[in-house]
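Here the structure of chain S is known, so what remains is to put chain H in place on it, guided by the hints.
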Amino acid sequence: NAGVTQTPKFRILKIGQSMTLQCTQDMNHNYMYWYRQDPGMGLKLIYYSVGAGITDKGEVPNGYNVSRSTTEDFPLRLELAAPSQTSVYFCASRDRVGSPLHFGNGTRLTVT
Amino acid sequence: DAKTTQPPSMDCAEGRAANLPCNHSTISGNEYVYWYRQIHSQGPQYIIHGLKNNETNEMASLIITEDRKSSTLILPHATLRDTAVYYCIVRVANAGGTSYGKLTFGQGTILTVHP
Numbered sequence: 219n220a221g222v223t224q225t226p227k228f229r230i231l232k233i234g235q236s237m238t239l240q241c242t243q244d245m246n247h248n249y250m251y252w253y254r255q256d257p258g259m260g261l262k263l264i265y266y267s268v269g270a271g272i273t274d275k276g277e278v279p280n281g282y283n284v285s286r287s288t289t290e291d292f293p294l295r296l297e298l299a300a301p302s303q304t305s306v307y308f309c310a311s312r313d314r315v316g317s318p319l320h321f322g323n324g325t326r327l328t329v330t
Numbered sequence: 029d030a031k032t033t034q035p036p037s038m039d040c041a042e043g044r045a046a047n048l049p050c051n052h053s054t055i056s057g058n059e060y061v062y063w064y065r066q067i068h069s070q071g072p073q074y075i076i077h078g079l080k081n082n083e084t085n086e087m088a089s090l091i092i093t094e095d096r097k098s099s100t101l102i103l104p105h106a107t108l109r110d111t112a113v114y115y116c117i118v119r120v121a122n123a124g125g126t127s128y129g130k131l132t133f134g135q136g137t138i139l140t141v142h143p
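Chains S and H supply the protein sequences, listed in that same order. The opening residue of the first sequence carries number 219 in the numbering used here; numbering runs sequentially from there. The opening residue of the second sequence carries number 29 in the numbering used here; numbering runs sequentially from there.
Keep in mind the hints are simulated off the structure, nothing from the lab. For every residue, glycine included, the Cβ atom is placed at its ideal position computed from N, Cα and C. Each statement offered as a hint is correct.
Here chain S is said to cover these stretches of chain H; the calculated rule only asks that three of the stretch's residues, wherever they fall, bring their Cβ under 8 angstroms from a Cβ of chain S: (1) 57 to 65; (2) 73 to 82; (3) 130 to 138.
This is chain S alone, in the form it adopts within the complex (with noise of 0.2 angstroms):
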């Protein structure tokens, strides 16, 4: 098993342009979740997904949009990019409501 694989490893933007930050699983996991990191700060939850096309805010939802329209796949779209979401992404998976999270590597995006 690969476990939780997000692409790319690390993206420049310029201000106002839009990327989709990709993540899948091959663990069949229902539960899938996207964070932020700012430096030296703790983990930020975006949005969530309890299953294919169900969908949640978490915390910091503005200027992001998700789709969950398989179980392996959980993109994440930056539509106008802002120096404000210069951040390392992390996307998550879990079994079951209990389980423990498995996260990916991250993604390093840096908005100039």
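Leaving out everything else, chain H in the frame of chain S:
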């Protein structure tokens, strides 16, 4: 939401036990306590979790008070590689809809293990 409070930082000598506290006074009866750690800028790593009883695995022990309002993560013989940010989190209680899946992190405790 059940929130957690952790000290911002702690030190520990190599080879000694590291005891990391966490307060979660608003925890509900069906909420688990989870511990994760994050080394440098890697993705967080699961350590242990529990509901009521104390738990132990190959990495650590988790002690939960009888009233469940606080817990302690114990690394029995800390090494330099245990230097990391340690997060104590509590699963959000079911408030309807999909919120049962929500899982948020606090600021964590920076544990520094020194020689």
